[in-house]
Every structure is written in structure tokens, then in C-alpha cells.
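Trainee: Go ahead and model the full structure; you've got the sequences and the hints to work with.
Protein chains in written order, with this note's numbering: chain A, 501 to 759; chain B, 501 to 759.
Please keep in mind that the hints were generated in silico from the structure rather than gathered at the bench.
Wrong hints could be hidden among the right ones.
One copy or two, either will do: identical chains are not told apart, so a pair holds if it fits within one copy or between any two.
To be verified - Here are the simulated DSS-like pairs of lysine-lysine, each with C-alpha atoms no more than 30 Å apart in a straight line: (1) 756 to 622; (2) 522 to 626; (3) 756 to 679; (4) 679 to 522; (5) 756 to 626; (6) 679 to 626; (7) 622 to 679.
2 protein chains.
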Amino acid sequence: MQGTFTFLGTGTSVGVPVIGCKCRVCTSSDPHNKRSRSSALIQMGGTSLLVDSGPDLREQALREDLREIDAVLYTHSHLDHVAGFDELRAFCWRRDELLPMHATRECMDTLIQMFGWAFSEKNIYKGYVKPDPRIIDGPFFYGDLKITPLPVEHAAVETIGYRFDHPHARSIAYLPDVKRVPNDTMWQLREVDILIVDALRPEPHPTHCSIGEALEIIRQATPGEAWLTHLGHENDHTILGLELPAGVHVAWDGLKIAL
Amino acid sequence: MQGTFTFLGTGTSVGVPVIGCKCRVCTSSDPHNKRSRSSALIQMGGTSLLVDSGPDLREQALREDLREIDAVLYTHSHLDHVAGFDELRAFCWRRDELLPMHATRECMDTLIQMFGWAFSEKNIYKGYVKPDPRIIDGPFFYGDLKITPLPVEHAAVETIGYRFDHPHARSIAYLPDVKRVPNDTMWQLREVDILIVDALRPEPHPTHCSIGEALEIIRQATPGEAWLTHLGHENDHTILGLELPAGVHVAWDGLKIAL
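Mentor: This is how it looks when you write it as C-alpha cells:
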């Protein structure tokens, strides 16, 4: 069994470069400093699960030559995680069944508010996104892959991360948008092999972890290895990497982790 | 007075390449066959007007090094023309005033339905999109640039194109999404110097002009020159160009027309 976790995007809500910005990171020639909006793909035993449908989904899918997915798992309803919803139609053309979309009740309600035509009974058009909405109320499975939703504190909207466990692969937890990890979720992170955490910038932010706050979450969870994501243009890939403790790394768009 | 019309994107709703497609155009190495979703920029005498905020707005703005715009003009509320709404915040950071957004009542209502937080009185956050909604009810001006909305038949949603006239520049009309031009609008196209028309593919489509239908609109309007846009992966840039009558051309992403 070989599973793969792919960072489709590792950037903050406006991406890097930022439109109109001439800072050192936004004008950097290092491809690691080009960050599309945070999204991920987990592939295990023939199953492909997309985490979020961000605004850069089309470019990310083209880059990874992604042709089929089995479901979408949403973390929350902010636009940098849902705005690419309509790109999902390319994945609906090639399947007979509806496309399962897992989200909290609140997140699903926002998707329905924004993209009501897709969820409507009148959606009979062949080319449209065809959602099969599934409200998250606890862990669920795709084959032997166990998916555990991880509630976190982020912003006014309800936000979750995900932990993925498979009997024959390393476990991985993905928290792309988080300001604080509640005790119940910290408990769920114990003994995870790989932990991925929001680390917006060095300075504090009201709804995202700073680098220091991300490192503190990692210290408490003590995973086998850790990766920082959802990175703003305050972070140069190489410089940030040099400042991190052993076992903590800076993710980049297209990075694949073998599970 | 030098004005410029820039094709930010010239692709159909799914863009070219299409996710997962291995056709000759989608796998072509010709950069003219890479088409982001249709959008345009008209710049005249220090004024920059963005037509639509499509899903590729960030990439388009980065490519053109676009840092400031004075207003957004919407053609209609389909996702391939509005999904990049949240990218507009980068253009709101750098101005003191709200960002004018011109749209029909129906289109504005859909924008408010989808992105209600931006239009809310509770939108006090510095980093957010700050719209100044302006309902279109006839021609309007930015300086000496006259903007005439051009109602067209396209799909179930109300759709308009735009004609731009300036006393010291060539006139240009932009109809990126159209199936049929009503008589009143055909009248408005008369004597336009440059006409840009939706030309999805050779075969007929329920809501977009085929190549033949686009050519018929151009024949009736008899502009000085004409350009085809909103192109699907059925069209190879070079092959299509060879088949067109004199004065009609295939647009591409990044093309600039001097006015």
C-alpha cells in the first residue's frame, strides 16, 4: 500500500505573489515562493480525496494531471477554500455517480447559498457540478482509510482539519486554517506521524497561527515530522526553513509526501 | 490620447486546457492555445476598467502587472465571470474610496447572494472587497470615455456586452457571451471600429455563438476589424485563424489592441 499526500497549494488567501506587491518574496525567482491557495490531495489505494476546492483548483489539477477524484472534503467556507467549486464539474463528467462533498452543516449551507444551482433538483444539465452533500458528524471511511474531522478555532466560520489513518500507511493530520487547537482536537493529534499546520507569517494574526504559534502546536502534538502551510508573502521559503527546529519543514506547491 | 484594450482571458467557462483532457489543443505547446477565462481590461487616459472578475483574475492581474483599477463592469453572473470576486480586494487596499461595480440589477443581486459579506454594512474589515454597487440603467461615463451596455441573448441569466467610445480613440464593442444579438443592440454596433464576439466552437451550442454565428454577427455589424473570443478547446489558434475572412482574427490571452 502506497499512499500520497500532495500539497496542491500552500499559500494564504491572496496567494503569493500578491497582486501588485513588489516585496522580496513576491518578486522572488524561487519557485518555492510561488504559492497558490491552500488545498491538498490524499491518494490511497485507488481513492483520491480532494481537500477544499480553492480558487486555484484548475491550475492545480492541470499541474498534477488530476483527472478523477472520489470526493471533496471541505475544511470551511472561506472563499480561498471554496471559490473553485465550479471547476469540480470536470470531475463530474467522468463519473456516473454524484460527487460526494463532505462538510459541516454550516459550511454546506454556505456552499448551497453560493452555488444553489448545483444543489437544486433542477440541476439536470450534463455539464454541471453534481454534488452529493454529506454532512460531517464524526469519522468516516473510504475503504480502509479513516478520515477524522478535527474541529479547530480559526475565524467566525466553523472550521475543521482532517486526520487520515490507514492500517498500512503513515498517519497524517492537515490543519490549513487554525488559530487555536482545542483540547479535544489536540488529543486527536497525539501520535500522528505527520502534522501539517497553518503558519501565516512571523507576526501574530487574529485568525491564523503565526510561525511561533504553529511551532507551539507542533511541540505539543509531537508528531514524527511536521510541515508548515498557508504561508503568506512574509515568508521566504529558504530563510524560513533555516529558522525551524529539526523535523519541521516548509511545504511548497506540488510537494508529495509518501505515506 | 492612447487607449488600450487588453484581453485578460479568451477562454470558455472551463478554460483551455480543460482539466483531464488530452485532445490536440489541450496538449498543444502553442501558448496561444492556453486560454484563461474571458475577461478584459480597458485603459484610457489614466482610467482602468476591468470587465468581469473571472476565476483567473489573480493570474491575469499578475501577468499584466495590474495594480490599480477604477471600476469593474460585469457582463453577467455566470461563475466564469464572477468567481474571482474576492481577488478584487487587492485593488481595494490601494484606494480610499469604495470600488465601483457596475452590473444589471439581476447580476448585482446574484453578486450580493454569493458575496453578501462584502456588501454588508458589517463589512468594516480593512482587507475585504469594498464594493460600491451601481445598477446599470443606460450609458455612463468615466471622464470622456462613454460606456454603453449592450443587451444580448445568452442564457437564462440577463447578459450584456459593452461598447466603449472616446472622442480621440477607436471605438470597441465587447460581446464575450452571446447567442443572438437583438435588433436594438445590432443598431448600437453600427460603425464600431472594433468588434469582439463570443465564438465558442465550430458546432452550434445552446447559449454561445458557433464560429459561423459569430461571423454572421460580424457580417451584419461590419466593423473595421473583428476578434473572436470565449474560445473552447475545439479551436486550434492557428488553424482557426486560417479559416477566417479578412479582417477577422482569433484573440489570445494578453493581446493588447491600441485604440
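Trainee: Determine for every hint whether it applies to the structure shown.
Mentor: Hints and how they fare:
no.: 1; hint: 756 to 622; result: neither (39 Å within a copy, 41 Å between copies)
no.: 2; hint: 522 to 626; result: between (44 Å within a copy, 20 Å between copies)
no.: 3; hint: 756 to 679; result: within (25 Å within a copy, 44 Å between copies)
no.: 4; hint: 679 to 522; result: within (28 Å within a copy, 42 Å between copies)
no.: 5; hint: 756 to 626; result: neither (33 Å within a copy, 36 Å between copies)
no.: 6; hint: 679 to 626; result: between (41 Å within a copy, 19 Å between copies)
no.: 7; hint: 622 to 679; result: between (39 Å within a copy, 22 Å between copies)
Consistency with the previously given hints fails for numbers 1, 5, ordered from lowest to highest.
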